[in-house]
Structure formats: structure tokens, C-alpha cells
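Student: The chain contents come next:
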Amino acid sequence: MPEELRVTIDGKRCSGRRGQTILEVAEENGIWIPTLCYDPRMAPYGACRLCLVEVEGARALMPACHAEITPDMVVRTENKRINSIRRTVIELLLSDHPVDCMTCESAGSCRLQDLAYNYGVKESSFKGETHSYHLLDDNPLIERDLDKCILCGRCVRICEEVVGAGVYGFVARGFDSIVSTPYDHPLEESPCLFCGQCVSTCPVGALTSKLSKGKGRPWELKQTDTVCPYCGVGCTLTLWTRDNEVVNVTAPVDKGVNRGNLCIKGRFGWQYISSSERLKYPMIRGKDGKLRKATWEKAISTVAERLTEIVKENGPDAVCGLASARCTNEENYLFQKFMRAVVGTNNVDHCARL
Amino acid sequence: MSKKTRVVVGLATCGIAAGGVSVMDELRREIKKRKLNVELAETGCIGYCFAEVLVEVEKAGMPKVTYGDITTKDVPELVETHLVQRKIWREKVLLIEGRKTAEADFLKRQKRIVLRNCGLIDPESMRDYMKKGGYEGLKKALTKMAPEEVRAEVLAAGLRGRGGAGFPTGQKWDFCARAEGADKYIVCNADEGDPGAFMDRSVLEGDPHAVIEGMIIGGYAIGATHGYIYCRAEYPLAVKRLRLAIREATRKRFLGKNILGSGYSLDIIVKEGAGAFVCGEETAMMASIEGSRGMPLPRPPFPANKGIWGMPTNINNVETFANVPWIIRNGARKYAAIGTGGSKGTKVFCLTGKVRRGGLAEVAMGTTLRDVIFGVGGGIKEGRNFKAVQIGGPSGGCLPAALLDTPVDYDSLPAAGAIMGSGGMVIVDDTTCMVDLAKYFLTFTQMESCGKCIPCRVGTKRMLEVLIRICEGRGVPGDIGLLERLAYDVKDASLCALGGTAPNPVLTTLRYFKDEYKAHIFDKKCPAGLCVDLVTFHIEPDKCTGCGVCVRNCPSDSITGEKKEPHVIDIETCIRCRECLRRCRFDAVYTV
Ligand SMILES: Cc1cc2nc3c(=O)[nH]c(=O)nc-3n(C[C@H](O)[C@H](O)[C@H](O)COP(=O)(O)O)c2cc1C
Ligand code: SF4
Ligand code: SF4
Ligand code: SF4
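Protein chains in written order, with our numbering: chain H, -7 to 346; chain W, 253 to 844.
These aren't lab readings, by the way, just hints derived from the structure by calculation. Be careful, since some hints might not be right.
[Said to hold, decoys possible] Listed below are the simulated SDA-like cross-link pairs for lysine to any residue, each with C-alpha atoms no more than 25 angstroms apart in a straight line:
| no. | chain 1 | residue 1 | chain 2 | residue 2 |
| --- | --- | --- | --- | --- |
| 1 | H | K119 | W | D744 |
| 2 | H | K119 | W | P729 |
| 3 | W | K795 | W | A749 |
| 4 | H | K119 | W | F774 |
| 5 | W | K777 | H | G120 |
| 6 | W | K743 | H | A52 |
| 7 | W | K558 | H | G120 |
| 8 | W | K743 | H | S169 |
| 9 | W | K523 | H | V163 |
| 10 | W | K633 | W | D623 |
| 11 | H | K119 | W | R737 |
| 12 | H | K72 | W | G669 |
| 13 | W | K776 | H | S117 |
| 14 | H | K119 | W | G433 |
| 15 | W | K339 | W | E329 |
| 16 | H | K72 | W | G733 |
| 17 | W | K558 | H | D2 |
| 18 | H | K119 | W | K766 |
| 19 | H | K72 | W | A749 |
| 20 | H | K119 | W | D775 |
| 21 | H | K119 | W | I720 |
| 22 | H | K205 | H | P132 |
| 23 | W | K743 | H | Y111 |
| 24 | H | K114 | W | E736 |
| 25 | W | K558 | H | E16 |
| 26 | W | K558 | W | D623 |
| 27 | W | K743 | H | S76 |
| 28 | W | K523 | H | G166 |
Let the sequences and hints guide you as you build the complete structure.
Tutor: As C-alpha cells, this is what we get:
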């Protein structure tokens, strides 16, 4: 266990562990520090300058997301100097941002919008050149609106550090810097896996899911935490529903085995839920080759009868069982037990091996 | 036996840019044609950049003479007069050894440690370097001193980093020596990206071995296993000479395995930068060396603990390293005797702008700005008035005439709002508009911002836009307040020193020349008559002789007048190109 350290944040005595950042200790102690480029899934970056705090004895302000606590550190997270910087940073971002919150997919879950609200920034004092790029939506899942990008680098870093695909990078310098793909090619021609991790970290409306477009504002939707049905990892998901229909899937960063991370299936593979082609009850194929609705009792007894006949005629090895990665360990255990003990064969496998 | 006649041409980038290579070719042809027995050689920059091409002639029985402003056309006459008739060719003399000329002041007022060999030796000859005591410091350090003694010596000398921040070099070496790591890196910062700065280039081109020797000594002092020289690719000659020098030093076993039998090993690689100013910042430089985009990181951790590939890394500037062999050879005490309390030794400055003798000058720390600009630099060109000096490049500040007696050292300059920086000095006269000057430097910094942090990326852009509108006469009341607010927040909130210092030119011009800002905003006038949108051009009838030069050169046919009668400018059609102002030999054109 790392050494316990005492620090004072905004006059409040707090304790933390060596190696923790000021931001982590503040959050654990209920003290809010604004951030934009910070995501606990990646290494701290220190770019947005919103989390700058004053540390007694240090001349320069320190980024709370990056600076580690030291014994008896005294921190101020707010004062005139700090608030002036935060306001300026927000105003500078808004001075090159299409403030079209009315139609923006991220309104309601946008960090920039929240910050403007928190700091009472109605409009920017700084007027000047603004960027206007083409909307990039040449794939079925992810829409990229560079006009809204605040260059926090979160997509760049999550794709590099967490996913390992390294799809994005910064291009050009200064005011004209942008985030781009290799040779500026569409995502589909890049090493992108369409896991949507970048969408999950983007704090503004620059990266959004095309599947959820126009399907409702966060405050109109109901959130339900559940477990992903796809594989045995059991990632925690949040289903966003409207009128009992799923319209988006996200993952909470502070919960579950996955801590906010998901793969393409968990994040984007939910449309089958309300598909008209979805199987909702057992069906039995009749002699005429047509499928007909049946009860569970009837379906199970049909399977039992057919299995018994096949084993009798051709021996147990004429049967093979294929289980699913979407079942739990317990279910898969029972299934192989059934195959070996009841049917009498070792012909049993699992879809994850295919 | 008389000594062989020797003709030396200055072939640093400044000399080459001025046509040095053609002068060299012409000399070779002329000497061959006349069948003279003359040795033709080249050297680096001696600092007289204002008088390039420089040709130095040494002939038995005559004093050594340096000729300036030599062109290919001058070559036959120079050869005829000096080499054949054995007479000094008065017309183009710059210096005569042992004699007082106006230009001799330029060298006499300097104190040359870093530039000790520049312009005196052939930089491509290791033998030349060694004849001047080269690699003596290395031999002493590696065979007679322990690494901690070397560090103590450099600390005692009071050497501070010449790359800008002035951090004590001995102390920095101590940090890195104490840090643990399987590998350790020593890096020479030769990225020199400030506009108007070329001192590092001159040292690299004129005395590359001095830098390499300093690096090896530093490497030994901290226990470095690998060395990098990060040199901007825009310095091809420096890169070439560094590579040559590294090859030669390796052949002589000053580099490589078991240097001079000391058991210490080091290799040095020259890494070419791709021209980003921010890659001179040390954490960005480390990223660039690793092959990533050069973007700074927050500190701590400092490079001394976590640098290239996570290993302890020590980065010093070219000039810092060039001082080291001298210190080891001559001792810390001798070095510390030069300079002021907190700033020891010398500093090389690049004098540029409206100064009469623009070039490289190395002076003792504590020399006043006046001595540098007027003593060494010879004052302002064309007899105009000194207005201000921008010290420290785009990160520095602009100081007015009232502060000319400020000594150049690490304490006095920041107190006045400027910084030592890397040593660029841009001198401006009364024809320079200070708002325009601030705009110039900010244009550079905002373009070079790496884009990582918001205050620098967007803040400098918005500041620049305000400056542009002020210069174009679209400034509004409140602009000065807006500039100040942005300047302070950008300074305070930026991640690295690029953004942290970018507002300095604006803040100092606002501090010392606020009236000029006000004149632009409220009176829509540019007092220096420079901002095209705020001036009109007129001809003073009393001075105009009616020579018609302006009429012939006006591209918009806006000037009329009878021959030998005063002319007039039609300010409606005038496009304010300044051609008439430049061309009039009677000073009759003026701006309002
Ligand atoms: C934007 C920026 C550009 C810099 N460029 C240079 C440079 O070109 N050369 C240099 O030696 N130092 C440069 N520096 C300073 C270096 O970061 C570093 O402080 C220096 O190389 C340390 O060497 P020293 O201790 O010998 O001065 C720059 C700093 C910043 C913030
Ligand atoms: S979807 Fe996944 S792989 Fe593709 S760019 Fe985003 S984070 Fe990278
Ligand atoms: S796209 Fe989103 S996550 Fe990526 S840099 Fe822009 S704002 Fe940040
Ligand atoms: S201050 Fe400017 S150059 Fe430095 S990290 Fe920030 S954006 Fe990049």
C-alpha cells in the first residue's frame, strides 16, 4: 500500500496516497476541478489548462491532472487568477466553435457546454477567424465534425494507448492544427476497428455515433446499467432507452470490469434488439419445410426425441454440440456436461474457437 | 625563409549567401592565371556579417589585411594590388593587423571565448582545431579528473545555459548524473529557430569540434551512454561539418569505445530537425528524437529523470557546450572572473536590424546594451535615431532608448521585461512602428505554436488579429485592455515557454510605447509612418527639385509635376508602396 499523504485543498484537510494526482485526491474528497482533456483511461496530458491550480510555494500554476501530491501540499483550486484563465480558455474555445447547440448531437452531454454554463460564458469576447471543414461521415458508424473539435487529443490518445490502433494523429501547426487519419484517408481505409472508443471519449460533438443521431436528447432518455450480452468478459453497459427502445449504448468510466471501454459489438451492435426479424419464440420446421411457432415444452421435447433417435441409430458420436460465447461459464459447463454425460460424446465446441 | 602567402575566404552561410563561393572560384582562377604561389583556404564566420564576402590576405613582410564587401569583380584588382604589387588595396580594407581602423572596434570590444576559433581556423580541419589547444580540455577531463570534479568545475565557473533560460549547467549535470537509468543521453540543442538568431549556426559552422569536445566532456561528467546533436535541417553546412568532425574525432579515438583509454565510451548522432521552432523546447525535442510529433510535455518529470525513451537525459545549447572545453582547460576561476555576480563568462549576440555593423558579437556578461549596440555595432545605420532593441527573439522583450544602460545579464534583462534568450538582438530605428514589430514576432510564434494547449493555440491567434486590426486602422477602444488580458492569461496558462513567452513583445511594446498603440487606435495614425492603411504620402515643395525620379518609379502614376518644379502626389490614387520615399534623393517625400 503506498504511503498515505496529507494535503490541504481549498482549506479542506484531505488524505491521499503517494503517486496520486491532485485531481484524483480532489475528486475523492468531493472537490470539483474542471477538465476537458482528462480521461482516467489515459495518461494525463495537461493540454486544456482548465485544471490549473495554485500550489503554495510554486510560482507557476500546475495542471491538477498531471501533478502528483507531495506531503503537506497546500492547493487552491479557485481564485481570481485561476478563474480568469478558465474563463479565457472557454471563451477562446468558443471563439472558434460553431455554437449550434440547438441541433448538436452532444448537447446535454457536452463538456464545453457545461463549462460555459458553469462559468457563465454567454459569448466569447474574442472574435476572429473560424474554421469550416467538411463533415466526415463516409462510414456507417462514426461521424467526425472537425469544426467542433477542441483538439483535446483524447481520441488520439485513447486509440493509441487503450485500443492500440493509432488511427488518429495531429496534423499542421498552431491555429490550423487538426486531428486526422493516415494520409487523411477515410476511417474505413485506416486501421480503425470501429470500436467507437474515440466517440466515447470525445468531450464535445466532434465525434458522434451515427446510429444514435436524432434519436433523443440525454435528458429525454432513460439510462439502465446492464451487462453486455456478447461475450464472457461481461462489460458493464449503459443502455439509453426511449419508449422502451434502445437508442444508444455507452459504458460508465467508473464502474465494471471494462471501466468505460467497449468493443464494436458492445457499443454498436444493439440494433437487433428491436429488429422485426428477431426470433422471440421457438419454432419447429414441419415436414413441408416451413417454420411454425411452438411452445417451449413442445420444442424441447422435439429436440429430446430426435436426439434419442439419432443416438440409437448411429451412436452418440453422430451428434455434435456447439455452445456460444454469449452464454455464461455456468451455462457452458452445463452444456458440455449434458453432451458428455447424457448424449455420451466428446463432440462439443464453442463459437469463440471458430 | 619567408612564410607562404595565404588567402582565406569566409565561407560560413553568411559568406556563401553573399557570394563567397564565386569569389573563391575567381581567386583560384586569377591566382592560377598569374601563376602565383599562394595557398587558398576557407574559414567560418568571424562575425563581420555586414561586410561579407570577407577575404583575408597574409603575405610575408606585410601586415595581415582583411578586405570586406569583396565581389568577383574586385578579385583581379585585389590580386594585382596586394599579391603582385605588394600594396594594400585601400578601397576595400576592413582591418589591418595591429592598426586602428573604425572597424577594428568591432573585434576589440568583444571578449571571445565561444567564438575563439571562428574565422581563424579551417573548420573542416581537425589539425587546425588541435593547434589551437583543441581537445586539451577533453584530455584533462578524462585522464586527470573524476566526473564529479568536472561537474564541480563547471558549477564553480558559474556557467549558465545559453539556450534561453539560464539554468546553471553544473547543477543540471548533477541532476542527470544522480538519476538512474540503464542508458543516459546527452543532447546538444542546435535547433536555433528564433528569427534573427544565427550564433549557434556560426559556432557549428566555424568551430564544430568545440561543440563536440564540450559534449564529450559533459557526457563523461554525467555518465552519458549516447549523444545526439539535434540540428535543424535548414543548416546543411553545419550538419555536414558536424558529421565530418564526428568522423574525425572518432578516428582519433576522442569518440567511440574507451575514449583515450579512460574506459568511458560515447557515440554521437546528428539528428536533423524538420524546422519546427517548438522542437527547440526540450521535451518536444525528445519526442521528435523518438520519432513522434514534437509537442511539449508538462514537467515534472524533468528530462534529467525521464527523458528520451524514459531514460535520464541532459540537454544543453550549442554555446553552452562550446564554453566547456575553455573552462576545463583554463579553470573555473579564470572563467568566473569574467562577467557579473550572477552571470559569468560571455554571451554571443546576433546584431541585426538597423545597426551599422550587423553580425556576431561576443561580449562579457554585464556589458551594457549601449556598448553592444553603439560600441561593437557602431550605432544606427544612415545616421538615424535608435528607437528600441528587441532582445531574446520572439520570446523576448523590446527595450527603449531610456534603458540602453541596462547591463546584459540574467538578472537585469528580465527586470526590464526582456530576456537574455538565445541572444538575438534586433535593433530598430525611428522608421519602425512598434505595433507592427509586435505583430511581426507574434505572427511567428502563433504560427509555430504546436497546437497542444488552448491559450497558446487560440490565444496568440486572437492577439495577432487584434494587432492586425490596430495596424489596419480598425482598432477599437478596448483593444488595449483585450490585448493585456489575453497576454497575461496566455503567459500564465500556457504549457511550455513558447506560449509562456509569446506575449512578451506585445507586453513590452505596450509598456514602453503605449502612445503608439493609442495613436493607431484613436487618431488612426501610425507615428512611424509605416502602417500603410494609416499614412498618406506627400512631397515637401521646398525640398523637391523636380528631378522626376519619383514619377518614373511610381507604379500607379500618382505623381505629377513640371520638370524642375515641385511635384505632387495624388493621395487618392497612391497605393502607398513607399517607392517614392525610398527613391527621393532630396528627402522631400514625407508621410503623415
Ligand atoms: C519554444 C522554445 C524554443 C527553444 N529553442 C531553443 C533553441 O533553438 N536552442 C536552444 O538551445 N534552446 C532552445 N530552447 C530552450 C531549451 O528548451 C532548453 O532550455 C535549452 O536547450 C537548455 O540548454 P541550456 O541549459 O544549455 O540553455 C527553446 C525553448 C522553447 C520553449
Ligand atoms: S473507432 Fe476505435 S479504432 Fe477506430 S479510431 Fe476510434 S478508437 Fe480508434
Ligand atoms: S475529436 Fe473530440 S476527442 Fe478528438 S481531439 Fe477533437 S474534441 Fe478531442
Ligand atoms: S504553449 Fe504553445 S507550443 Fe507550448 S505546448 Fe502549448 S500550444 Fe504547444
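Student: If a hint holds in the structure, say so; if it does not, say that too.
Tutor: Each hint, compared with the structure:
no.	hint	result
1	H:K119 x W:D744	21 angstroms, holds
2	H:K119 x W:P729	15 angstroms, holds
3	W:K795 x W:A749	51 angstroms, violated
4	H:K119 x W:F774	20 angstroms, holds
5	W:K777 x H:G120	23 angstroms, holds
6	W:K743 x H:A52	10 angstroms, holds
7	W:K558 x H:G120	40 angstroms, violated
8	W:K743 x H:S169	20 angstroms, holds
9	W:K523 x H:V163	22 angstroms, holds
10	W:K633 x W:D623	16 angstroms, holds
11	H:K119 x W:R737	14 angstroms, holds
12	H:K72 x W:G669	24 angstroms, holds
13	W:K776 x H:S117	23 angstroms, holds
14	H:K119 x W:G433	49 angstroms, violated
15	W:K339 x W:E329	11 angstroms, holds
16	H:K72 x W:G733	17 angstroms, holds
17	W:K558 x H:D2	31 angstroms, violated
18	H:K119 x W:K766	23 angstroms, holds
19	H:K72 x W:A749	23 angstroms, holds
20	H:K119 x W:D775	23 angstroms, holds
21	H:K119 x W:I720	13 angstroms, holds
22	H:K205 x H:P132	12 angstroms, holds
23	W:K743 x H:Y111	21 angstroms, holds
24	H:K114 x W:E736	21 angstroms, holds
25	W:K558 x H:E16	22 angstroms, holds
26	W:K558 x W:D623	42 angstroms, violated
27	W:K743 x H:S76	12 angstroms, holds
28	W:K523 x H:G166	24 angstroms, holds
Hints 3, 7, 14, 17, 26, counting from the list given before, are not met by this structure.
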